[in-house]
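Engineer: Sequence:
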Amino acid sequence: MVMKMDKTEKTANRSVLKTLEFLEYFIQNSELSLAELVELSDMPKSTVFRILQTLEMRGFVSKTTTHNPPKYQLGLKLLEFGNIVAQRLEIRKIALPYMQQLRDTVDEAVNLIIRDQDEGVYIEKVDTRQYVRVYTQVGRKSPLYAGACPRILLSFLPDHEIEELLNRVDMKKISPDTNTDKDLLWQWIHDARENGYTVSYGELEPDSAAIAVPIRDFTGQVIAGLSLAGATSRFQQERLEYLVQETKAVANQIMSKLGYSDAKAGL
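Under this note's numbering, the first residue of the sequence shown is numbered 292, with each subsequent residue one higher.
By construction, these hints were calculated from the structure, which means they are not laboratory data. What you are looking at is a predicted structure, and each value in this text was computed from that prediction instead of being measured. All clues stand as given, with none of them false.
Derived DSBU-like pairs (lysine-lysine); straight-line CA-CA distance at most 30 Å:
#	residue 1	residue 2
1	309	354
2	464	539
3	432	463
4	539	384
The task is simple: from the sequences and hints, build the whole structure.
Structural biologist: In structure tokens form, the structure reads like this:
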């Protein structure tokens, strides 16, 4: 049984690779005919045609109307993916000066995080000047259920997506204080939606704390999280409200730049 599953997986992978190779042919060639793709791929014409049909059906390629027989070009579906990538790059550029401003105001580390499937990935950071600090590396990934910044991304997903994610993810402890209770997690999710922020203590690293707020794009969709992180001693209740207010204010500035029209109304 195991051998059969492995064989099926390998076959599926080869099929995906073939399809991706077809898309890569268009990097150097804006338009390609069926015959040209057969020559480039060294595959049977019938196989090439089936791949093109599938790509065309999903919008990844389209037929040109200026050639007979027709040629193929990249479809508009790829523009959607390109916009997502461009948006990720854009938000880093837009957010960085505001993140520096927030760091200078509260003297805590500031992080920017986006979702990558079942994890959050840190795409920008500004370190604190405090001697005791929480160090986060750009590119670091954390599960969406743990820590303030990953959890703010989870909190604003539709309920059915959260349920699906929690059903396929094994909620493991990353540190002694990582929450693995789904009922408590749902309570925190509802609190984040109501309050516009979430807080964590020691969930990713012992003796660390963080607060996070959502970043919305012009459509109102949450595309990133903005967080402060530092030593637990500096995130006590008497200072927490101040940190939340300052973080929300900076998030509103970033969202205004992203075209979110309700940013001034708050998070």
